[in-house]
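Undergrad: Each chain is listed here by its residues.
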Amino acid sequence: MKVETHELMVCLIANEVHNHGGVVFGSFTPLAYCSYMLAKLTHAKDVTLIGYNAIDMSAVEMSYFGAEAAAYKCSTARMDALNEVNSIHLDCRGMVECISPAQLDGTGAFNTSLIGDPDHPKIYLPGQAGASDVAQTYERMIFYIGNHSTRTLVPKVDFVSGNRWKISPEERRKHGLAVGPYKVVTNLAVLEKEDEKRPFRLVSVHPGVTVDEVVAQTGFELDTAETVVTPDPDPIHLDLLRTRIDPRGTAKLGILGGEERRDYLRQIIEFEWEQARDYIRKSKRTLVSY
Amino acid sequence: MNKIVPLSAIDDLVNDGDSVALGGGWFANHPMAAARQLIRAGRKGLRLISNIGSIDVDLLVAADCVAEVSYAMVSLEAFGFANHLRRALESGRVKAHEMPGLAMLIGLDATGRGMPSLPYLGPFGSDLIDRDPGLMRVKCPFTDKDMISVRAIEPDVALLHVTRCDEEGNAQWLGTIAPDIVMGKAAKRVIITCEKIVDREEIVQTAAATNLPGYYVEAVIEVPFGAHPCSHVPHYAMDAFNIWDYSEIIPGDPRLPAFVAQLRGETEEEYRARVVNSEKAQILRTLVDLGRSVTEVA
Chain A
1 MKVETHELMV
11 CLIANEVHNH
21 GGVVFGSFTP
31 LAYCSYMLAK
41 LTHAKDVTLI
51 GYNAIDMSAV
61 EMSYFGAEAA
71 AYKCSTARMD
81 ALNEVNSIHL
91 DCRGMVECIS
101 PAQLDGTGAF
111 NTSLIGDPDH
121 PKIYLPGQAG
131 ASDVAQTYER
141 MIFYIGNHST
151 RTLVPKVDFV
161 SGNRWKISPE
171 ERRKHGLAVG
181 PYKVVTNLAV
191 LEKEDEKRPF
201 RLVSVHPGVT
211 VDEVVAQTGF
221 ELDTAETVVT
231 PDPDPIHLDL
241 LRTRIDPRGT
251 AKLGILGGEE
261 RRDYLRQIIE
271 FEWEQARDYI
281 RKSKRTLVSY
Chain B
1 MNKIVPLSAI
11 DDLVNDGDSV
21 ALGGGWFANH
31 PMAAARQLIR
41 AGRKGLRLIS
51 NIGSIDVDLL
61 VAADCVAEVS
71 YAMVSLEAFG
81 FANHLRRALE
91 SGRVKAHEMP
101 GLAMLIGLDA
111 TGRGMPSLPY
121 LGPFGSDLID
131 RDPGLMRVKC
141 PFTDKDMISV
151 RAIEPDVALL
161 HVTRCDEEGN
171 AQWLGTIAPD
181 IVMGKAAKRV
191 IITCEKIVDR
201 EEIVQTAAAT
211 NLPGYYVEAV
221 IEVPFGAHPC
231 SHVPHYAMDA
241 FNIWDYSEII
251 PGDPRLPAFV
261 AQLRGETEEE
271 YRARVVNSEK
281 AQILRTLVDL
291 GRSVTEVA
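Order-wise, the sequence lines are chains A and B. Residues in the first sequence are numbered from 1 upward in steps of one, following my numbering. Residues in the second sequence are numbered from 1 upward in steps of one, following my numbering.
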């Protein structure tokens, strides 16, 4: 069965989740959530997953409505946002953070804040939500981009919402920061920035994509000396993703934009709403009283 | 001390121009009934403080209650941009103040600790720092390490929605807490809305779940479905169809004035009767019940 782009991206990001530390679920990013669940079920059983205020949750089935509740049903502790900030985000206990910026440039700077002149922006974007902070402290920083193009991978971001202050292992060690990769996973390729001075390395291009295509679609310099083809995902990963973690395909929301995403979302929420109706009908539950 | 008041007490507890911290995060547990009451009261010029906002911020902007928003993120997530906020920021009608997400929490924490500022390992590479008079590059006096100091943030009011609370304001969140506690400790006045007011005895029996003690709290208001259309786990999931309909009313939409007028012209009880009938209440509860771990699925 053909591997869909969002599935390949989920599996690539899952490989970046290692078997230690904490992973805090960010704002609604189902593609990244699926990767965390997949890793938790396979090679990273000891990673501590933190969703909303639920600490140490098990892998949950992705659903638009139920994932939040599920997190609370299978976790061992609760923390409020500030405790999380102090102990996970800032004390280098964070292992991997995934974000999907509107723009990223060759210095590693990302933009989730605004488009245009910062003093008179043409477009206000949602904001960085804390990614600017955790980009410093987390061991591994992964950007995922569903539309690899010169509009997203730009020569220079309009506004630096954040950047990794120190990137190379030597510099990070010197400043007492956890050492780990600064990577970009897109619908076409995988890029990695290994130090402040050198350009991003084109690590791999996805099957069917050429190096030239990726270079043409990237607004900054790439080192293509050792580029390989992205390996296929582990069939066990794919099967778990499709059958256990994300049967509704919520991860696809992470790569769709605009009206296409709204249509897809509509299908998911209609399905889950009907499923709840069915469940009520079958279980003949009494009405909730308030 | 009995702090129970009706929802309409918000009209006197929140003034035009106040800085108002809104609890909740993402589409989870925003104080929506309190926000609706601000709209009914016709509040103007509010300066909102929102860590991870969504429809709470956007709705107050759509209803023209807002002059400024401090935020780390405001988004309708998969539904798209928070369009009313976005257009208001782009036109200059509302002033934008984006803060690094952790800086906002640390600035609120500073107030809660009686400090004028607090330092942290901030986003050194970010353009947000030098554009914000509330953020300063400093050195650790002991180690000379680079730090970012955040000026204390003191909201006039925090609006927080909880699962249950007693008359003294001892508040328990059984689901998503987000930045609520740090907001509650920073604000001059804390208004708690809750799904249910319970006896002190019930709070005593479950004291480990009390996240904000009553001595921070000025007013307690019982509002079932007080987070609707956002989620309040474990009682209800988000009402995605309601949010869908809202997200279709874009700025300049001829339906917007009627939409706002309807909210403004009805009581919260009438809102609830109109929007959350018993069938919907049951579906929203069932959607919570259907959330499950992967192990349960197998």
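No wet-lab data here; the hints were simulated from the structure. Remember, it's a predicted structure, so these values are computed and weren't measured experimentally. All residues carry an ideal CB built from backbone N, CA and C; glycine is no exception. Be a bit skeptical, because a hint or two may be false.
[Said to hold, decoys possible] Over 10 Å on every C-beta distance to chain B, these chain A residues come out as not near it, computed from the model:
#, residue
1, H20
2, E68
3, S161
4, D212
5, D223
6, R261
7, E272
8, Q275
[As the list claims (entries may be wrong)] Here are some, though not all, of the chain B residues that point toward chain A, as calculated from beta-carbon distances under 7 Å:
#, residue
9, M1
10, I4
11, P100
12, R164
[Said to hold, decoys possible] In silico EDC-like links for lysine to aspartate or glutamate, alpha-carbon gap of 16 Å or less:
#, chain 1, residue 1, chain 2, residue 2
13, B, K185, A, D119
14, B, K280, A, D119
15, B, K145, A, D119
16, B, K196, B, E168
17, B, K196, B, E154
18, A, K282, B, E201
19, B, K95, A, D91
20, A, K174, B, D146
21, B, K145, A, D80
Undergrad: Looking back at the numbered hints, which does the structure fail to meet, lowest number first?
TA: Hints 2, 3, 6, 7, 8, 9, 10, 12, 13, 14, 15, 17, 18, 19 and 21 not satisfied by this model.
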